[in-house]
Amino acid sequence: MTFRISRWQMTLLAFLVSTCVTPFVYDSLIIVAMRRHAWMALVPGLAVGLVGTGIALALMARFPGASVTEYAPRVLGTAAGRVYLFLFGLVLFAGAPANLRVLTRITRFTELPRTSPLFTAFLFAAVVAIGCHFGPEVFSRIGEVLALFIAAGLLVIFAAPLPAAVPARLLPLSGFDWRAYFAPSVFSSIGSLRGFLCLLVLGGTVGRTDGLHRWVLPAMLLAWALLALGLAEPVMILGSGMAERLRYPLFSVTGTVSFRWMPFQRLTTVTVLVWEMIMYVVLAFYLWSGIHVLSSALGLRRWRTWLIPAAAAAAYLAGVSIPRFLSRAATNTWDFAVVGVGVLVPLFLLLLAGRRRAAEGRGA
Amino acid sequence: MAGAAGALRREVARLAERMPLPGEPAEIYVLRSRIRSDDLRTASVAMPHGRTIWVAFIDSIVDASRMESEVLRPLQELAAKGELPKGAPEHPLLPRARALSSLDEWATDLLAGRAVVFSPGVVVSLDIQAFPHREVGEPSTEQTLLGSKEAFTEDARSNIGAIRHRLQDERLRVETFVVGRRSRTQVALVYLADVVNPDVLDLTRSGLSAIDTDAIRTANDISEFLYNQTLTTIPLSEQTEKPDRVASAIAAGRLCLVVDGTPFALLVPTTFFENVKDGEVALSGAVSKGFVRLLRLLGMFTAISSGGLYAAVMTSDSQILPTPLAVAVSNSRTGVPYPVLTETLLMLLVIDIFSEATAQSPGGIGNTLSIVGTLIIGQMAVQARLASSLMLIVIAATALGSFLTLKYPFSYTLRIWKYPITILAGIAGLFGWMLGLLLFLTHLASLKSAGVPYLSPLAPLKTRTLLRTTVTDVARPAMDLRPESWNVRDIDRAGRWRL
Numbered sequence: 000m001t002f003r004i005s006r007w008q009m010t011l012l013a014f015l016v017s018t019c020v021t022p023f024v025y026d027s028l029i030i031v032a033m034r035r036h037a038w039m040a041l042v043p044g045l046a047v048g049l050v051g052t053g054i055a056l057a058l059m060a061r062f063p064g065a066s067v068t069e070y071a072p073r074v075l076g077t078a079a080g081r082v083y084l085f086l087f088g089l090v091l092f093a094g095a096p097a098n099l100r101v102l103t104r105i106t107r108f109t110e111l112p113r114t115s116p117l118f119t120a121f122l123f124a125a126v127v128a129i130g131c132h133f134g135p136e137v138f139s140r141i142g143e144v145l146a147l148f149i150a151a152g153l154l155v156i157f158a159a160p161l162p163a164a165v166p167a168r169l170l171p172l173s174g175f176d177w178r179a180y181f182a183p184s185v186f187s188s189i190g191s192l193r194g195f196l197c198l199l200v201l202g203g204t205v206g207r208t209d210g211l212h213r214w215v216l217p218a219m220l221l222a223w224a225l226l227a228l229g230l231a232e233p234v235m236i237l238g239s240g241m242a243e244r245l246r247y248p249l250f251s252v253t254g255t256v257s258f259r260w261m262p263f264q265r266l267t268t269v270t271v272l273v274w275e276m277i278m279y280v281v282l283a284f285y286l287w288s289g290i291h292v293l294s295s296a297l298g299l300r301r302w303r304t305w306l307i308p309a310a311a312a313a314a315y316l317a318g319v320s321i322p323r324f325l326s327r328a329a330t331n332t333w334d335f336a337v338v339g340v341g342v343l344v345p346l347f348l349l350l351l352a353g354r355r356r357a358a359e360g361r362g363a
Numbered sequence: 000m001a002g003a004a005g006a007l008r009r010e011v012a013r014l015a016e017r018m019p020l021p022g023e024p025a026e027i028y029v030l031r032s033r034i035r036s037d038d039l040r041t042a043s044v045a046m047p048h049g050r051t052i053w054v055a056f057i058d059s060i061v062d063a064s065r066m067e068s069e070v071l072r073p074l075q076e077l078a079a080k081g082e083l084p085k086g087a088p089e090h091p092l093l094p095r096a097r098a099l100s101s102l103d104e105w106a107t108d109l110l111a112g113r114a115v116v117f118s119p120g121v122v123v124s125l126d127i128q129a130f131p132h133r134e135v136g137e138p139s140t141e142q143t144l145l146g147s148k149e150a151f152t153e154d155a156r157s158n159i160g161a162i163r164h165r166l167q168d169e170r171l172r173v174e175t176f177v178v179g180r181r182s183r184t185q186v187a188l189v190y191l192a193d194v195v196n197p198d199v200l201d202l203t204r205s206g207l208s209a210i211d212t213d214a215i216r217t218a219n220d221i222s223e224f225l226y227n228q229t230l231t232t233i234p235l236s237e238q239t240e241k242p243d244r245v246a247s248a249i250a251a252g253r254l255c256l257v258v259d260g261t262p263f264a265l266l267v268p269t270t271f272f273e274n275v276k277d278g279e280v281a282l283s284g285a286v287s288k289g290f291v292r293l294l295r296l297l298g299m300f301t302a303i304s305s306g307g308l309y310a311a312v313m314t315s316d317s318q319i320l321p322t323p324l325a326v327a328v329s330n331s332r333t334g335v336p337y338p339v340l341t342e343t344l345l346m347l348l349v350i351d352i353f354s355e356a357t358a359q360s361p362g363g364i365g366n367t368l369s370i371v372g373t374l375i376i377g378q379m380a381v382q383a384r385l386a387s388s389l390m391l392i393v394i395a396a397t398a399l400g401s402f403l404t405l406k407y408p409f410s411y412t413l414r415i416w417k418y419p420i421t422i423l424a425g426i427a428g429l430f431g432w433m434l435g436l437l438l439f440l441t442h443l444a445s446l447k448s449a450g451v452p453y454l455s456p457l458a459p460l461k462t463r464t465l466l467r468t469t470v471t472d473v474a475r476p477a478m479d480l481r482p483e484s485w486n487v488r489d490i491d492r493a494g495r496w497r498l
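Residue numbers (numbering that gives the first Met the number 0), protein chains in the order written: chain A, 0 to 363; chain B, 0 to 498.
Don't take every hint at face value.
As the list claims (entries may be wrong) - Below 20 angstroms or equal to it, Euclidean Cα-Cα: the simulated SDA-like pairs (lysine to any residue) are:
(1) B:K406 / B:F290
(2) B:K461 / A:G210
(3) B:K461 / A:W214
(4) B:K461 / B:N486
(5) B:K406 / B:M379
(6) B:K406 / B:Q359
(7) B:K406 / B:L294
(8) B:K406 / B:T217
(9) B:K461 / A:L147
(10) B:K461 / A:D209
(11) B:K461 / A:G206
(12) B:K447 / B:N227
(13) B:K447 / B:D220
(14) B:K447 / A:L220
(15) B:K447 / A:F133
(16) B:K80 / B:P119
(17) B:K461 / A:F2
(18) B:K447 / B:L202
(19) B:K447 / A:F148
(20) B:K461 / A:F148
(21) B:K447 / B:E223
(22) B:K406 / B:D220
(23) B:K406 / B:G136
(24) B:K461 / B:G289
(25) B:K461 / B:A285
(26) B:K80 / B:E69
(27) B:K461 / A:V144
(28) B:K447 / A:G210
(29) B:K447 / A:V144
(30) B:K148 / B:G136
(31) B:K461 / A:R3
(32) B:K406 / B:T231
(33) B:K447 / A:D209
(34) B:K461 / A:R207
(35) B:K447 / A:A150
(36) B:K80 / B:S68
(37) B:K447 / B:F224
(38) B:K406 / B:G298
(39) B:K461 / A:A150
Because the hints were derived from the structure by calculation, they are not lab data.
Put together the whole structure using the sequences plus the hints.
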């Protein structure tokens, strides 16, 4: 790859890909399953996210200047490597419609109630495709510019409703039923901290990798804290009984905040705009990396040729109407798949590469 | 050389055989047959033994007094002594004479304002050029309250002189290129040899050598040839008419192109933030400088986004406004017969027409147009219910904001991009407005000026440069270090840093 991104850009991408779900995706099903302990649903996700990040960083150290598309075929062999990359590419590509779907639904829920989700999905995908066309260098730069606005927006979104919060509603911490972890909506959250995907796909493009863990790991922890707060805050403000009745509890909480001293009086506006900024970078990443990895798996040289069809397909899949249970099942499956191709297989790659190096050392 | 001279003699003899000469030597006839122009004049100086020295020059571009004092009088003295003129430095009477050996050189020097002297066996040229140019004046497109009031003229030599006045450094290099087969425009590369980024220098040198066109009219032509900016509205080199700005940019490690015949120099590389930097450096303290730059950025944001914001809020998102404001805004549109998007686009177009008309008109007419635009058309539009009163405020903010950028060409970028943003906002409310802004941001992020990302030092982030020389100028550190964005050879201005 001829692209080059900096450590800071990689950190931002990892953070944004991990936090893109913050305000909305965690719908009330987790609160229904875990009540006041909802935020604890993400504890296994934290462990998986950190392990996945550690594995990706170790692979970067083991294969300097290479990304998963280069080292996977080397370690697994061409055929198996390509099969893995094909699956990985599919999972990455699926991230685009999965996230875009939620964005279009929320937009319909708030800003554009009479507009077809298919239309907003196509509009957004078209703009994202333009960003993708220029590659990761450009959408990383966009992330850098937006970082300040996103940070300010997230601060307002999370801090503004806090005066109404009653932390005691989260207590006592003990006494929750650990079997709730096996509820599908909760179990699937093990794949919520997905920043390691960026390290796997773009690891080879990072200019300086020394000390990268000191940048990425705190970003992942911060992302996790925001995700956990996104589940804890509605419970603290509304109580778990009321929060579980709302489809998007955090979003509903932000809807109750009003700034009368500002030209924009409703916080929901800020929330949607900030989320749109985050989703732009995140969707650009999923779309680009999906096409790039799939192109590598299929031996296609010109990934840009597939950009418009892929963006159109993502928009269609995001905008088309399907039953909620099916959409939920697809999201859960995708979360598992992320862990499978993003953590388990890379762990296997790392072990296999280590074993080979040991064998080569003995042979020498 | 001897072969070339022989070929030239044969060519002259061949032409002389074909056409009878009316008193002038064959060389002059050859020149006349090549440059068929009435302002090609000749003069002659008689020598002993019936020989004559002939001088050819183009009347409109030479200095008559220098013709007398630096060409004819020395030639008469030479003739009196029976000597022949020679190329410099051999002759003290003609210290800047250049020996010529080909017909092309005769024509080129003649068109460059030199007098071509034909004496038996030798041809030399003497510089007596006097292209018309105006006196140094005040900048017309980059007026700042506190900055220097000196502006470039159309004369490249005096422009380079103005730069040298401010940078009296032996490492200041001036390389001259001639561009344009017909215009033969002189383009001077000016840079500090020990500071400039060698990649940018090589890119520009090779780009200038590769330009193949008949005529160069403006500095922007050079920029478009060099940096392939035909598809973007954003200027990828900075045009400036201020020598102080050029000197400061060269000192910071940038490269300047001075184009003869145009009062604008080009600075490369450039970034987005250069559009808000100038003049305020004379303010005291980092806070004032930062405040001015922030105001300019806000103005630019207003210019590009306020039309779209109006369309978005009035179309689908009026509920985000506080209730009293929403009611007032809604009332102001009462009676306007067409949709918000139509109203916004129409008024944006009207204000752009006025802006363009004002910019292209002479001072007095421009002021009249402003009054007509603001008072008569604006007020009448509201009274006739063609637009709401809030719309007029939005339009005024848009127009004023677009001129807060210090670089006039960039104001066109803002003026053009507000249309797609407004259309997206009109279609999809605030969602579409944000999409439009993201589209603009994507365009900015995708650009590079001579290899430097256009959004640098914000993206890619160079914290030190961003804080010290972009958000504001903190005097000491800013003077100590050159901006990292330019990837210069030597980042340390004062020799204090160990990097």
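Quick rundown of the hints versus the structure:
1. About 18 angstroms separates the Cα atoms of K406 (chain B) and F290 (chain B), which keeps this hinted pair within 20 angstroms; it holds.
2. Our distance criterion of 20 angstroms between C-alpha atoms is met by K461 (chain B) and G210 (chain A), whose separation comes to about 18 angstroms.
3. Annotation: proposed proximity of K461 (chain B) to W214 (chain A) holds, straight-line Cα distance about 16 angstroms (limit 20 angstroms).
4. For the proposed pair K461 (chain B) and N486 (chain B), the alpha carbon gap of about 11 angstroms is at most 20 angstroms, so the pair holds.
5. Restraint check: the Cα-Cα separation between K406 (chain B) and M379 (chain B) comes to about 32 angstroms, which exceeds 20 angstroms; the hinted pair is violated.
6. With a CA separation close to 16 angstroms, the supplied pair K406 (chain B) and Q359 (chain B) stays within the 20 angstroms bound.
7. At most 20 angstroms may separate the alpha-carbon atoms for a hinted pair to count; K406 (chain B) and L294 (chain B) meet this at roughly 15 angstroms.
8. Taking the CA atoms of K406 (chain B) and T217 (chain B), the gap is about 16 angstroms. The hint holds against a cut of 20 angstroms.
9. For the hint linking K461 (chain B) to L147 (chain A), the alpha-carbon distance of about 15 angstroms falls within 20 angstroms, and the restraint holds.
10. The hinted pair formed by K461 (chain B) and D209 (chain A) meets the criterion: a straight-line CA distance of about 18 angstroms does not exceed 20 angstroms.
11. Distance restraint check for K461 (chain B) and G206 (chain A): the Cα-Cα separation of roughly 14 angstroms lies within the 20 angstroms cut-off, and the hinted pair is therefore satisfied.
12. Between the alpha carbons of K447 (chain B) and N227 (chain B) the distance comes to roughly 11 angstroms, so the proposed pair stays at or under 20 angstroms and holds.
13. Annotation: proposed proximity of K447 (chain B) to D220 (chain B) holds, straight-line Cα distance about 18 angstroms (limit 20 angstroms).
14. Taken as a hint, the K447 (chain B) and L220 (chain A) pair is broken in the structure, with Cα atoms around 34 angstroms apart against an allowance of 20 angstroms.
15. For the suggested pair K447 (chain B) and F133 (chain A), the alpha carbons sit about 12 angstroms apart, so the restraint of at most 20 angstroms is met.
16. Distance check on the hinted pair: K80 (chain B) and P119 (chain B) sit about 15 angstroms apart at the alpha-carbon level, within 20 angstroms; holds.
17. For the hint pairing K461 (chain B) with F2 (chain A), the CA-to-CA distance comes to about 18 angstroms; that is within 20 angstroms, so the pair holds.
18. Between K447 (chain B) and L202 (chain B) the CA atoms are separated by roughly 13 angstroms; this keeps the pair inside 20 angstroms, and the hint holds.
19. A C-alpha spacing of about 23 angstroms is found between K447 (chain B) and F148 (chain A), which places the hinted pair above 20 angstroms, so the restraint is violated.
20. With a C-alpha separation of about 18 angstroms, the suggested pair K461 (chain B) and F148 (chain A) falls inside the 20 angstroms cut-off, and the hint holds.
21. Restraint check for K447 (chain B) and E223 (chain B): satisfied, since their Cα atoms lie roughly 13 angstroms apart, inside the 20 angstroms limit.
22. Of the pairs offered as hints, the one joining K406 (chain B) and D220 (chain B) holds, with about 17 angstroms between alpha carbons and a cut-off of 20 angstroms not exceeded.
23. Under the criterion of a C-alpha separation no larger than 20 angstroms, the hint pairing K406 (chain B) with G136 (chain B) is consistent with the structure, at around 18 angstroms.
24. Distance hint between K461 (chain B) and G289 (chain B) is fulfilled; the C-alpha atoms sit about 17 angstroms from each other, no more than 20 angstroms.
25. Between K461 (chain B) and A285 (chain B), the direct Cα distance comes to roughly 19 angstroms. Compliance with the 20 angstroms bound is thereby established for this hinted pair.
26. Annotation: proposed proximity of K80 (chain B) to E69 (chain B) holds, straight-line Cα distance about 17 angstroms (limit 20 angstroms).
27. Straight-line distance between C-alpha atoms of K461 (chain B) and V144 (chain A) comes to about 12 angstroms, which keeps the hinted pair within the 20 angstroms bound.
28. Proposed proximity of K447 (chain B) and G210 (chain A) is contradicted: the alpha carbons are some 29 angstroms apart, above 20 angstroms.
29. Under the criterion of a C-alpha separation no larger than 20 angstroms, the hint pairing K447 (chain B) with V144 (chain A) is consistent with the structure, at around 16 angstroms.
30. Proximity of K148 (chain B) to G136 (chain B) is assessed by CA-CA distance (about 8 angstroms); at most 20 angstroms being required, the pair is judged to hold.
31. The suggested pairing of K461 (chain B) with R3 (chain A) holds, with an alpha-carbon distance near 15 angstroms, which does not exceed 20 angstroms.
32. Proposed proximity of K406 (chain B) and T231 (chain B) is supported: the alpha carbons are some 16 angstroms apart, at most 20 angstroms.
33. Between K447 (chain B) and D209 (chain A) the CA atoms are separated by roughly 27 angstroms; this puts the pair beyond 20 angstroms, and the hint is violated.
34. Distance hint between K461 (chain B) and R207 (chain A) is fulfilled; the C-alpha atoms sit about 14 angstroms from each other, no more than 20 angstroms.
35. Of the supplied pair hints, the one linking K447 (chain B) and A150 (chain A) is violated, its CA atoms being roughly 27 angstroms apart against a limit of 20 angstroms.
36. The suggested pairing of K80 (chain B) with S68 (chain B) holds, with an alpha-carbon distance near 18 angstroms, which does not exceed 20 angstroms.
37. A distance of roughly 15 angstroms separates the Cα atoms of K447 (chain B) and F224 (chain B); the hinted pair therefore holds under the 20 angstroms criterion.
38. With a C-alpha separation of about 13 angstroms, the suggested pairing of K406 (chain B) with G298 (chain B) holds against the 20 angstroms cut-off.
39. At most 20 angstroms may separate the alpha-carbon atoms for a hinted pair to count; K461 (chain B) and A150 (chain A) meet this at roughly 19 angstroms.
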